[in-house]
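Participant: Chain residues, written in single-letter form:
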Amino acid sequence: MEITNIETIPGKRIAAHYGLVCGSTVRSKNAFKDIGASFKNMFGGELKSYTKLLNETREESIGRMVEQASKLGANAVVNVRFATSDVAAGAAEIYIYGTAVKVE
Amino acid sequence: MDDLIGWGIGFVFFGISYFIGSHNEKAHFANIVEREKALVSLPTVTFKQAEERAIAQTKLVMGNVVIAGDFFKQVVAQLASVFGMRISVAESMVDRARREAVLRMKEKAVGADVILNVRFMSMKIGEREKMSGLEAMAYGTAVYYVK
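So the sequence lines, in the order shown, correspond to chains C and A.
Every position in the first sequence, counted from 1, becomes a number in my numbering once 2 is added.
Every position in the second sequence, counted from 1, becomes a number in my numbering once 15 is added.
Among the hints, a few may not be true.
What the hints assert, rightly or not - Straight-line C-alpha distance at most 27 Å; calculated DSSO-like pairs for lysine-lysine:
hint: 1; chain 1: A; residue 1: Lys52; chain 2: C; residue 2: Lys50
hint: 2; chain 1: A; residue 1: Lys162; chain 2: A; residue 2: Lys63
hint: 3; chain 1: A; residue 1: Lys139; chain 2: C; residue 2: Lys54
hint: 4; chain 1: C; residue 1: Lys104; chain 2: A; residue 2: Lys123
hint: 5; chain 1: C; residue 1: Lys31; chain 2: A; residue 2: Lys139
hint: 6; chain 1: A; residue 1: Lys139; chain 2: C; residue 2: Lys50
hint: 7; chain 1: A; residue 1: Lys74; chain 2: C; residue 2: Lys54
hint: 8; chain 1: C; residue 1: Lys14; chain 2: A; residue 2: Lys162
hint: 9; chain 1: C; residue 1: Lys14; chain 2: C; residue 2: Lys54
hint: 10; chain 1: A; residue 1: Lys52; chain 2: A; residue 2: Lys162
hint: 11; chain 1: A; residue 1: Lys52; chain 2: C; residue 2: Lys104
hint: 12; chain 1: A; residue 1: Lys162; chain 2: A; residue 2: Lys74
hint: 13; chain 1: A; residue 1: Lys139; chain 2: A; residue 2: Lys41
hint: 14; chain 1: C; residue 1: Lys31; chain 2: C; residue 2: Lys54
hint: 15; chain 1: A; residue 1: Lys52; chain 2: C; residue 2: Lys31
hint: 16; chain 1: A; residue 1: Lys123; chain 2: A; residue 2: Lys139
hint: 17; chain 1: A; residue 1: Lys63; chain 2: A; residue 2: Lys74
hint: 18; chain 1: A; residue 1: Lys63; chain 2: C; residue 2: Lys50
hint: 19; chain 1: A; residue 1: Lys162; chain 2: C; residue 2: Lys54
hint: 20; chain 1: C; residue 1: Lys14; chain 2: A; residue 2: Lys41
hint: 21; chain 1: C; residue 1: Lys104; chain 2: C; residue 2: Lys31
hint: 22; chain 1: A; residue 1: Lys162; chain 2: C; residue 2: Lys50
hint: 23; chain 1: C; residue 1: Lys50; chain 2: C; residue 2: Lys31
hint: 24; chain 1: A; residue 1: Lys74; chain 2: A; residue 2: Lys41
hint: 25; chain 1: C; residue 1: Lys14; chain 2: A; residue 2: Lys52
hint: 26; chain 1: A; residue 1: Lys52; chain 2: A; residue 2: Lys41
hint: 27; chain 1: A; residue 1: Lys162; chain 2: A; residue 2: Lys41
hint: 28; chain 1: A; residue 1: Lys123; chain 2: A; residue 2: Lys74
hint: 29; chain 1: C; residue 1: Lys54; chain 2: A; residue 2: Lys123
hint: 30; chain 1: C; residue 1: Lys54; chain 2: A; residue 2: Lys41
hint: 31; chain 1: A; residue 1: Lys52; chain 2: A; residue 2: Lys123
hint: 32; chain 1: A; residue 1: Lys74; chain 2: C; residue 2: Lys14
hint: 33; chain 1: C; residue 1: Lys73; chain 2: C; residue 2: Lys31
hint: 34; chain 1: C; residue 1: Lys73; chain 2: A; residue 2: Lys74
hint: 35; chain 1: A; residue 1: Lys63; chain 2: A; residue 2: Lys123
hint: 36; chain 1: C; residue 1: Lys104; chain 2: A; residue 2: Lys139
hint: 37; chain 1: A; residue 1: Lys162; chain 2: C; residue 2: Lys31
As the list claims (entries may be wrong) - Going by beta-carbon spacing under 10 Å, a handful of chain C positions derived as facing chain A:
hint: 38; residue: Ile11
hint: 39; residue: Thr53
hint: 40; residue: Arg60
Rather than coming from a laboratory, the hints here were simulated on the basis of the structure.
For every residue, glycine included, the Cβ atom is placed at its ideal position computed from N, Cα and C.
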């Protein structure tokens, strides 16, 4: 599965469009990891556990989008966009959407 | 008396977090500059057009980082926002986060010739009123030409 955030797959021709596909994941923070984060908040720096959590969440969302696209018979997703929203206190939604296409 | 001790502890933390926080930030900026120099041969652009050459592979690449603000920054930001001043302590924080995100994205695109359509996204982490943290993310399409 090829994924890009531009309208085409460079060097390939789009043969068919299958419409919008999306993947969303809602994750909450881990209270135990949060204790470490609050210490870090004293002196600044990278919150590695959060970086990892958000990265994993995005990978998962992409996975869900890819799954949906492959069910439709697509072999690529173009013009992928990312969006986030606060659903509840301490939880975030990561939403990824794009257009499923068949390229050749 | 209790109030005095509370204030005292606050001041001590304020001082410590200033020294440790600014030391960490300086070290991080030095690291960023070094890695930017090493990766300068991989251009990141905001347009979408690839060159008219044979393309071997295209791939979505992204990099993200969560940077926390320190106690010193929080206090300064709160004071500055009373008078509507420029919050330079926050500016250095977001600059650091975005540059780190771009570098991580570039590091994932090993061997690529260009990264097209680079976009940024950022999200606030933690409580609303505090400057507790910020996630910066960069993503784009890495293009590998046929060598």
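Participant: Are the hints correct? Go through all of them and say.
Facilitator: Structure-based check of all given hints:
1. Among the hinted pairs, A:Lys52 with C:Lys50 is consistent with the structure: their alpha-carbon atoms are about 24 Å apart, no more than 27 Å.
2. Between A:Lys162 and A:Lys63 the CA atoms are separated by roughly 21 Å; this keeps the pair inside 27 Å, and the hint holds.
3. Pair hint A:Lys139 plus C:Lys54 holds up; C-alpha atoms about 16 Å apart against a cutoff of 27 Å.
4. Only pairs whose Cα atoms come within 27 Å are accepted, and C:Lys104 paired with A:Lys123 is accepted, the gap being roughly 26 Å.
5. Restraint check: the Cα-Cα separation between C:Lys31 and A:Lys139 comes to about 13 Å, which is no more than 27 Å; the hinted pair holds.
6. Our distance criterion of 27 Å between C-alpha atoms is met by A:Lys139 and C:Lys50, whose separation comes to about 15 Å.
7. Taking the CA atoms of A:Lys74 and C:Lys54, the gap is near 21 Å; set against the 27 Å cutoff, the hint holds.
8. Distance check on the hinted pair: C:Lys14 and A:Lys162 sit about 18 Å apart at the alpha-carbon level, within 27 Å; holds.
9. Proximity of C:Lys14 to C:Lys54 is assessed by CA-CA distance (about 34 Å); at most 27 Å being required, the pair is judged violated.
10. For the hint linking A:Lys52 to A:Lys162, the alpha-carbon distance of about 24 Å falls within 27 Å, and the restraint holds.
11. Pair hint A:Lys52 plus C:Lys104 does not hold up; C-alpha atoms about 39 Å apart against a cutoff of 27 Å.
12. Straight-line distance between C-alpha atoms of A:Lys162 and A:Lys74 comes to about 17 Å, which keeps the hinted pair within the 27 Å bound.
13. A distance of roughly 23 Å separates the Cα atoms of A:Lys139 and A:Lys41; the hinted pair therefore holds under the 27 Å criterion.
14. In summary, the hint linking C:Lys31 to C:Lys54 is supported, as the alpha carbons are separated by about 11 Å, within the 27 Å threshold.
15. Simply put, A:Lys52 and C:Lys31 have alpha-carbon atoms about 35 Å apart, too far for the 27 Å limit, and the pair is violated.
16. Distance hint between A:Lys123 and A:Lys139 is fulfilled; the C-alpha atoms sit about 24 Å from each other, no more than 27 Å.
17. Among the hinted pairs, A:Lys63 with A:Lys74 is consistent with the structure: their alpha-carbon atoms are about 13 Å apart, no more than 27 Å.
18. Between A:Lys63 and C:Lys50 the alpha-carbon distance is near 32 Å, which puts this suggested pair outside the 27 Å criterion.
19. Distance check on the hinted pair: A:Lys162 and C:Lys54 sit about 34 Å apart at the alpha-carbon level, beyond 27 Å; violated.
20. Taken as a hint, the C:Lys14 and A:Lys41 pair is broken in the structure, with Cα atoms around 45 Å apart against an allowance of 27 Å.
21. Using a Cα cut-off of 27 Å, the hinted pair C:Lys104 and C:Lys31 is violated, with the two alpha carbons roughly 37 Å apart.
22. Distance check on the hinted pair: A:Lys162 and C:Lys50 sit about 36 Å apart at the alpha-carbon level, beyond 27 Å; violated.
23. With a CA separation close to 13 Å, the supplied pair C:Lys50 and C:Lys31 stays within the 27 Å bound.
24. Simply put, A:Lys74 and A:Lys41 have alpha-carbon atoms about 33 Å apart, too far for the 27 Å limit, and the pair is violated.
25. A threshold of 27 Å between alpha carbons decides the hint, and for C:Lys14 with A:Lys52 the separation of about 33 Å lies outside it, so the pair is violated.
26. The suggested pairing of A:Lys52 with A:Lys41 holds, with an alpha-carbon distance near 17 Å, which does not exceed 27 Å.
27. Restraint check for A:Lys162 and A:Lys41: the C-alpha separation of about 39 Å exceeds 27 Å, so the hint is violated.
28. Pair hint A:Lys123 plus A:Lys74 holds up; C-alpha atoms about 10 Å apart against a cutoff of 27 Å.
29. The hinted pair formed by C:Lys54 and A:Lys123 meets the criterion: a straight-line CA distance of about 15 Å does not exceed 27 Å.
30. For the hint linking C:Lys54 to A:Lys41, the alpha-carbon distance of about 23 Å falls within 27 Å, and the restraint holds.
31. Under the criterion of a C-alpha separation no larger than 27 Å, the hint pairing A:Lys52 with A:Lys123 is consistent with the structure, at around 16 Å.
32. About 13 Å separates the Cα atoms of A:Lys74 and C:Lys14, which keeps this hinted pair within 27 Å; it holds.
33. Restraint check: the Cα-Cα separation between C:Lys73 and C:Lys31 comes to about 31 Å, which exceeds 27 Å; the hinted pair is violated.
34. For the hint pairing C:Lys73 with A:Lys74, the CA-to-CA distance comes to about 21 Å; that is within 27 Å, so the pair holds.
35. Taking the CA atoms of A:Lys63 and A:Lys123, the gap is about 19 Å. The hint holds against a cut of 27 Å.
36. For a cut-off of 27 Å, the pair hint linking C:Lys104 to A:Lys139 is broken: about 37 Å separates their Cα positions.
37. For the proposed pair A:Lys162 and C:Lys31, the alpha carbon gap of about 44 Å is over 27 Å, so the pair is violated.
38. Among the interface hints, the one on C:Ile11 holds; its C-beta lies about 6 Å from the nearest C-beta in chain A, closer than the 10 Å criterion.
39. At its closest, the beta carbon of C:Thr53 sits 5 Å from a beta carbon of chain A; the interface hint therefore holds under the 10 Å criterion.
40. Taking 10 Å as the C-beta cut-off, the interface hint given for C:Arg60 holds, the closest approach to chain A being about 7 Å.
Violated hints, listed in ascending order, are 9, 11, 15, 18, 19, 20, 21, 22, 24, 25, 27, 33, 36 and 37; each of the other numbered hints is respected by the structure.
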